[in-house]
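Student: What follows is each chain in one-letter form.
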Amino acid sequence: MATSQADVPGWALDALTGVYDPCCREKGISVVDMGLLRSITVTGTHARVELMLTSGWCPFATHLLGEIEDAMVAHPAVDSCTVDVVWDEAWTTDRLSASAVRKLRFLPDPASVPDREAYVAAHRPQSEEVHR
Amino acid sequence: MIGDAFVFDGVAHPFNFTEKNVYDRAGEMFRQHLYAFHQVLTPDTEPKLSAEQYLKDWTPADIQDMVFEHSDTDMLVAMPLPLTDLFRDGLSPWEDCAELASRDPERIIFWGSVNPLEGRRALDLMERQVGEFGAKAFKFYNVRYDYGAPFPWRMDDPRVAFPVFEKAQELGVNLIGVHKGLPLGPQPIEATQTWDMDGAAAAFPDINFVIFHVGLPFLDETCWQLIRHPNLYASIAATINFIVRSPRTFAETLGKLLFWCGEDKIIYGSEAPIFQPQWALRAFQDFSIPQDLVDGYGYPQLTDQAKRKILGDNLLRLHGMDVDATRERLGRPPTRGIPAN
Numbered sequence: 288m289a290t291s292q293a294d295v296p297g298w299a300l301d302a303l304t305g306v307y308d309p310c311c312r313e314k315g316i317s318v319v320d321m322g323l324l325r326s327i328t329v330t331g332t333h334a335r336v337e338l339m340l341t342s343g344w345c346p347f348a349t350h351l352l353g354e355i356e357d358a359m360v361a362h363p364a365v366d367s368c369t370v371d372v373v374w375d376e377a378w379t380t381d382r383l384s385a386s387a388v389r390k391l392r393f394l395p396d397p398a399s400v401p402d403r404e405a406y407v408a409a410h411r412p413q414s415e416e417v418h419r
Numbered sequence: 017m018i019g020d021a022f023v024f025d026g027v028a029h030p031f032n033f034t035e036k037n038v039y040d041r042a043g044e045m046f047r048q049h050l051y052a053f054h055q056v057l058t059p060d061t062e063p064k065l066s067a068e069q070y071l072k073d074w075t076p077a078d079i080q081d082m083v084f085e086h087s088d089t090d091m092l093v094a095m096p097l098p099l100t101d102l103f104r105d106g107l108s109p110w111e112d113c114a115e116l117a118s119r120d121p122e123r124i125i126f127w128g129s130v131n132p133l134e135g136r137r138a139l140d141l142m143e144r145q146v147g148e149f150g151a152k153a154f155k156f157y158n159v160r161y162d163y164g165a166p167f168p169w170r171m172d173d174p175r176v177a178f179p180v181f182e183k184a185q186e187l188g189v190n191l192i193g194v195h196k197g198l199p200l201g202p203q204p205i206e207a208t209q210t211w212d213m214d215g216a217a218a219a220f221p222d223i224n225f226v227i228f229h230v231g232l233p234f235l236d237e238t239c240w241q242l243i244r245h246p247n248l249y250a251s252i253a254a255t256i257n258f259i260v261r262s263p264r265t266f267a268e269t270l271g272k273l274l275f276w277c278g279e280d281k282i283i284y285g286s287e288a289p290i291f292q293p294q295w296a297l298r299a300f301q302d303f304s305i306p307q308d309l310v311d312g313y314g315y316p317q318l319t320d321q322a323k324r325k326i327l328g329d330n331l332l333r334l335h336g337m338d339v340d341a342t343r344e345r346l347g348r349p350p351t352r353g354i355p356a357n
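Which chain is which? The protein sequence lines are A and B, in order. Residue 321 in this note's numbering sits at position 34 of the first sequence, with consecutive numbering throughout. Residue 85 in this note's numbering sits at position 69 of the second sequence, with consecutive numbering throughout.
By construction, these hints were calculated from the structure, which means they are not laboratory data. Note that the Cβ used here is the ideal one computed from N, Cα and C, for glycine as well.
Label pairs and their in silico Cβ distance ranges: (1) B/Gly336 / A/Val400: 30 to 38 Å; (2) A/Trp298 / B/Arg137: 54 to 62 Å; (3) A/Thr328 / B/Gly336: 55 to 63 Å; (4) A/Thr330 / B/Thr351: 53 to 61 Å; (5) A/Glu313 / B/Pro246: 29 to 37 Å; (6) A/Glu415 / B/Pro204: 24 to 32 Å; (7) A/Lys314 / B/Glu62: 37 to 45 Å.
Next comes chain B alone, as it looks inside the complex:
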């Protein structure tokens, strides 16, 4: 916990950044790009990893150590990243994420991931990830790289997307994340935009969808969809890491989200190991929207209650977990008695 806030980190990836895992120039650029962001966005007052320390095979144990031993994080989502044309194992294979979750199932939640373009095979793998490995949600990536070229697909495609949503429901899973914005390598930009979320949210009102990275830089689009669909949420993973280096950038994003979408729809994520989680958590705990943005643009202030919801309570709720019961289960103090603001 940080302060009185329960911290449920919505995304960490056990990355295999080793050179031998890289297929080609696009993969090399991608891993170097992430390392550059580690260097640029980690505050100068914090330790920055050398290339040798960073561009390695991050094991599940490494992630567990970074997140739980070196930050105030209480729970974590282990999340795959399947860039299978850039990296031999996709960079963060689902098997490693399942292993990470198995190391501490009380605190680490496994999200599965499949390629919906694979049809029956994808559905079978969903069954396996839920049945054998306890996946509680799924994360999808709208551009797949499995055949030597980017293959975009849409979240509102009845033939490609809807079968995996239906399978998720059949398996008792009603939480689905999708990577949006922030192209993962040389992707067609239009596939990273959020226009397909309207159709997905409307067709599956009982599934809660989390739009990762707030769909940046397409923030207005994302806000407009979150306003209108109660089952759409936004993850500020990666966005939060601008909080020290470029706090007004972060304030602009958060201010818009708070006004248009509200504090119940925003979810924290660390993106460990790209960034060590603690410095951003600490900065968020101390953060307030600059007063000139509140006065001039009309952004709401970031309250203590909003911080608690964003850092953990919202994601607990999306996983069907009671906040106080989870706090008690993990030996954390209850929220009772904490003022609403």
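So that you can see chain A by itself, here it is in the shape it has in the complex:
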């Protein structure tokens, strides 16, 4: 996961592990495991969260911002919180935690696939082989 402890205080990670990515709630993947948090800074009692979106089109984004804000202000050291969506950096699958990768990712980076056709043939579901 690209999000580092330097970028996000540990207590904030704990606070946000119960906030789920809207598209992965049924898989139990939080915004932390999705790597959606770029940074969290706390100035006095005000927290600022920088949030990356996987697609940027998510209509649940507004709801998600509210959930993150609620989770942050529930911490005794935080009275207020703003959540800003990041546009200058793309979310990539590099940001997924190991557990999220296991649940979500199944295509490797092209650079690690020397022969695409061979990869597809090797990973094609057996049920399709019967019909080929």
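Since the structure of chain A is provided, determine the placement of chain B on it from the hints.
Tutor: Quick look at chain B alone, frame taken from chain A:
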């Protein structure tokens, strides 16, 4: 045309964004959400519409003017959006799309849309949309909102989906689009994923299916299906509008598609009037995959040939239109003589 590329825009909707068209809070949130994306993703160097200018009833004439008079678009698909529990007319009713197409049938193609859950009524409407209004394809939405609650259905459901596919074939239509990813309001997420496309593509190998919005954010799933089924395609409508504001996001998506699925399976769409088409077209014409992504991730570079296919040639082919014949019909220069890359 932009450069030497023929531009066939795969999706525009005559939206009725007026407040009186909104049923409830979900509809209000949806129209405000689209306006927010207009504001956020339109580059700062381009005109952005005020809420008053944007949240209006976009007439077919408005769309025609925006797309053809203010961009380098050559042809257009007029596409319905039936959010009939959020908006009184569904937001972009098929009748308005048919009217849009009728204003310039040489350049505007009407795609019909029905609710497969309506059974016989849906099949009858398909006949009407093709027979009376010239629909050349159909667009489906896997979550319908017709009864006060979301009703999901699957593209691989033999009882719900297959009858409309069979009817399409009977009517001579072999092109079907489906909205995937990007939930349209408070939808059950699982219905927006693409896992049902395997069954649809395998059961109807003579129908070409276009997965709109690349199924984002479920890109790996979509790529894996496009690799394995020759009759699956991906539309980058809405995705392309990240090209200026978040170019690496767009490059990641396009790079994966180019590697796994290839340039023959990617289709452009503007989503007008959410966005004025020209700025994204211009940015795409100038776009290249950042070299560190090519070197580090192994993404193919976006070539001029790939741009031509994505911007228009692929969609022409899916409509059964010869690229050069269409260029000639519309008075555009032929592709002959254009280097392959």
